[in-house]
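So the protein sequences, as listed, match chains A and B. So in my numbering the end of the first sequence lands on 128, straight run, no missing numbers. So in my numbering the end of the second sequence lands on 277, straight run, no missing numbers.
In short, the hints are calculated from the structure, not lab data. Take the hints with a grain of salt, since some may be wrong.
Simulated pairs of lysine to any residue, SDA-like, Cα-Cα distance not exceeding 25 Å [unchecked claim]:
#, chain 1, residue 1, chain 2, residue 2
1, A, K11, B, A221
2, B, K152, A, N88
3, B, K152, B, S140
4, A, K20, A, S68
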Amino acid sequence: MENESILSNQKKEALQECAKWARFYAIASFVSVAISLLSAVFSGGSNPLGMASVLFITVLGSSITIASAILLYSFHKHTTVAIESGDNHSMDRALYNFRWYFGLMGIILIVAFSFVCIAMFFGILAAA
Amino acid sequence: MEEQSIFNTELSDLSNNHILSAAKWSRFLGIVFLIAAVIVLISGAGMLASWEQFADSLSTIAGANPAFADIENLPKSLFLIAFLLIIAIMVFAGILFLRVGSNGVNYYSSNEESAFLSTFRSAKTLFMVYAIFTVIGIAISVIQLFTLL
Chain A
1 MENESILSNQ KKEALQECAK WARFYAIASF VSVAISLLSA VFSGGSNPLG
51 MASVLFITVL GSSITIASAI LLYSFHKHTT VAIESGDNHS MDRALYNFRW
101 YFGLMGIILI VAFSFVCIAM FFGILAAA
Chain B
129 MEEQSIFNTE LSDLSNNHIL SAAKWSRFLG IVFLIAAVIV LISGAGMLAS
179 WEQFADSLST IAGANPAFAD IENLPKSLFL IAFLLIIAIM VFAGILFLRV
229 GSNGVNYYSS NEESAFLSTF RSAKTLFMVY AIFTVIGIAI SVIQLFTLL
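With these hints in hand, go ahead and build the complete structure from the sequences.
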């Protein structure tokens, strides 16, 4: 059949193992997001502005973590379907998620690095 | 420029392109992690070299924010261990990302089974390490949350 992929057993095993750990990491990420949000809410403090900024940073970080966890979980889900059914379309979907996990990490790193550079630039200007 | 092997029959062209793209991003991440580790190493060395100035600034911060009071009393050796640990983790992560990257690109150009296996085994190790660190972080956060409550 045109839509079927014929992967060797070793390749299937490597993909399955990778997908299993991706799922475990995704679930651990979801749990860590829940706990960090709870910590941010219960951390207290008397300064409302400080609390708001802590909450904002926590929500931002949590959003990124959730996005990456969803990509990893989808990678696991589609890999499992692809290996069981030999479906090329599922394998494409799985590797699409795998690709975009690394892509997301790279984009976030570039954005964070840009912010750091801008902050350093303004810091130097202010010092001068 | 990476060229694809003409003997590719197992995965579709789209799948192989996804692997190549993931490998390129992974290589980029690996390089950034290693550069960041060097920067942290230099910053840490500078900080430890001018320890008294750093301790003074910690005292100033602790005075303004009581949450940092405990950090002020920590010994210098603990900061050194923490720095070395952070650098080791960053280098390890960087190497893992680079392995995924280089093996992925190698697989795309050669379609060798060993390269495919190395790519996803390296990715598995990466996810495993991050999962373990996340679980440790969860345990620490839960303990902190209980102390807050």
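Each hint, compared with the structure:
Distance restraint check for K11 of chain A and A221 of chain B: the Cα-Cα separation of roughly 24 Å lies within the 25 Å cut-off, and the hinted pair is therefore satisfied. This hinted pair checks out: K152 of chain B and N88 of chain A have alpha carbons roughly 23 Å apart, not beyond 25 Å. Under the criterion of a C-alpha separation no larger than 25 Å, the hint pairing K152 of chain B with S140 of chain B is consistent with the structure, at around 19 Å. Restraint check for K20 of chain A and S68 of chain A: satisfied, since their Cα atoms lie roughly 15 Å apart, inside the 25 Å limit.
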